[in-house]
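Let the hints inform the model, and build the full structure from the sequences given.
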Amino acid sequence: MSDLRDLYQEVIFDHNRHPRNFGKLEGYNRKAEGFNPLCGDKLVLYLKVNDDDVIEDVRFEGRGCAISTASASLMTEALKGRTVAEAETMFKGFHGLIMDEKVADAAPELGKLQVLEGVKAYPSRVKCATLAWHTLEAALEESDESVVTTE
Amino acid sequence: MNAVEDTAARKTGAETPPPALGERVRAQFPALHQQVNDRPLVYLDNAATAHKPQAVIDTVNRCYSRDYSNVHRGVHQLSERATREYEQARETVRAFINARESREVVFVRGTTEAINLVAHSWGRSHLKTGDEILITEMEHHANIVPWQLLSEQTGAVLRVAPITDRGELMLEEFERRLGERTRLVAVTHVSNALGTINPVRRITDMAHARGAKVLVDGAQSVPHMPVDVQSLDCDFYAFSGHKLYGPTGIGALYGKAGLLEAMPPYQGGGEMIRQVTFQKSTFAPTPQKFEAGTPHIVGAVGMAAAIDYLNGIGMDAIARYDRELLDYAMAALQDIPKLRVIGEAPDKAGILSLAFDDIHPHDLGTILDHEGVAIRTGHHCCMPLMERYCVPATARASLAFYNTRADIDALVAALHKAREMFGP
Numbered sequence: 001m002s003d004l005r006d007l008y009q010e011v012i013f014d015h016n017r018h019p020r021n022f023g024k025l026e027g028y029n030r031k032a033e034g035f036n037p038l039c040g041d042k043l044v045l046y047l048k049v050n051d052d053d054v055i056e057d058v059r060f061e062g063r064g065c066a067i068s069t070a071s072a073s074l075m076t077e078a079l080k081g082r083t084v085a086e087a088e089t090m091f092k093g094f095h096g097l098i099m100d101e102k103v104a105d106a107a108p109e110l111g112k113l114q115v116l117e118g119v120k121a122y123p124s125r126v127k128c129a130t131l132a133w134h135t136l137e138a139a140l141e142e143s144d145e146s147v148v149t150t151e
Numbered sequence: 001m002n003a004v005e006d007t008a009a010r011k012t013g014a015e016t017p018p019p020a021l022g023e024r025v026r027a028q029f030p031a032l033h034q035q036v037n038d039r040p041l042v043y044l045d046n047a048a049t050a051h052k053p054q055a056v057i058d059t060v061n062r063c064y065s066r067d068y069s070n071v072h073r074g075v076h077q078l079s080e081r082a083t084r085e086y087e088q089a090r091e092t093v094r095a096f097i098n099a100r101e102s103r104e105v106v107f108v109r110g111t112t113e114a115i116n117l118v119a120h121s122w123g124r125s126h127l128k129t130g131d132e133i134l135i136t137e138m139e140h141h142a143n144i145v146p147w148q149l150l151s152e153q154t155g156a157v158l159r160v161a162p163i164t165d166r167g168e169l170m171l172e173e174f175e176r177r178l179g180e181r182t183r184l185v186a187v188t189h190v191s192n193a194l195g196t197i198n199p200v201r202r203i204t205d206m207a208h209a210r211g212a213k214v215l216v217d218g219a220q221s222v223p224h225m226p227v228d229v230q231s232l233d234c235d236f237y238a239f240s241g242h243k244l245y246g247p248t249g250i251g252a253l254y255g256k257a258g259l260l261e262a263m264p265p266y267q268g269g270g271e272m273i274r275q276v277t278f279q280k281s282t283f284a285p286t287p288q289k290f291e292a293g294t295p296h297i298v299g300a301v302g303m304a305a306a307i308d309y310l311n312g313i314g315m316d317a318i319a320r321y322d323r324e325l326l327d328y329a330m331a332a333l334q335d336i337p338k339l340r341v342i343g344e345a346p347d348k349a350g351i352l353s354l355a356f357d358d359i360h361p362h363d364l365g366t367i368l369d370h371e372g373v374a375i376r377t378g379h380h381c382c383m384p385l386m387e388r389y390c391v392p393a394t395a396r397a398s399l400a401f402y403n404t405r406a407d408i409d410a411l412v413a414a415l416h417k418a419r420e421m422f423g424p
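Residue numbers (the numbering used here), protein chains in the order written: chain A, 1 to 151; chain B, 1 to 424.
No wet-lab data here; the hints were simulated from the structure.
Please note that a few of the clues may not be correct.
[Stated by the list, open to error] Derived DSSO-like pairs: lysine-lysine, alpha-carbon spacing no greater than 27 angstroms straight-line: (1) K120/A - K417/B; (2) K42/A - K92/A; (3) K31/A - K112/A; (4) K42/A - K120/A; (5) K80/A - K120/A; (6) K42/A - K338/B.
Given below as structure tokens:
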């Protein structure tokens, strides 16, 4: 049996209690809403992407479980200063990490995001960890539609 | 009782109380006796679905192994046996809810299908633009969405009666919303998210005084307490077999005979016809009129086996034990810091919706599962109700008569553990 502490690491509690980049972003130019109908979690993600496709700033609002809040908070930290293409690669790497799939060549640097690796032992919680990332995808596609994680 | 107490009891000759109902019946439910996450399973997700006694498992097995064929058609032995058992199951359901006649019992897939059947058949043939359907704020999606669909199709208006902070229906507000145009009241007997037991008889009296029909969602009531549709005087009553310790995919719709007879068919097909020509078909009388196609024969027989089993214990005894266990749980939960119990109606069945302001139900569910405690987390198909209480979701522990005080103790210990993990 996996240890519960592998899932709920101290970093996750910290980001859950004090989410970084929390609140509305003034002057955003991309926005999407994420919604998980299974647990009622809602998340709004704001991005400021410049002409060179660099994510200058990112913030989020909403409420969710510790995993989804920490994941959103950690994601915003990881995204700042990255290009849109880098963000997409990062999502692939992150997805591979928590789904326990081998990511083909050039696994991106995930840094602190790796604290969420414990989620892979809890299939029913994967959607909590990916809600922010699916919302990011929708925001980058410039679609205003609510996204729903269906995994 | 530990060994020391046991010895002491014998020495003094003090009588030990008889074991509680839960302790006596547990052995008859094989699925309860397993380890999850290296801990003994504590199953408290009974409002979602209940485990099956060996008697039901054996009946289903025996049906498929021996007494199985299609019903109402063959002249051969097996078909006659299966038909007899299937119709006997209908009679068992009739007696269980005290319906007047067995033709008032229609077999369906479950509560959801029962409600949709009424919406489709009775609703479409009786409702017109401007007519009203009255529901309550505590309804399950299955008792909201079919009426919304019906309203869209017919131009009827859906109205909602509010509840108090404690989770009780506001009867005066309910009555105020009953009007000239109210054709149907659809109300749950026991709330799946709050445990509230609604005063159905008073509701039917109020509705009938205005000429409205009443449908009762009985999914959560039949497992917890005796139900008598004649004394409730409801027009329709819907429930599921799988929450009643029977198989999945089977349930029953009760409808007053006169209403069912006047209703058009729900689905067309075999079993439900009297005569078919390419010009026109005539239909079988109720209940066959509503049972198109091969029914869930073994499901119905299995549900009847569950009812026989419950009758052996007695629904009154089950209701008493449910209340005892609920009171024990409510008292024990008070010791947990920052825990909120949503749904505090005095008249309440064994359903506990729990919420911490600073621990999301999903996290709670995972931590409890780690301790072997199975509860349900989420909105319990009551999104409007969750909004009413300003929570995205709750953690719901729901009791069955096979649960024990030890199960409640395990729940409380696991909640303390979660509280510890997330900080005081």
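Just pull the numbers of the violated hints for me, sorted ascending. none
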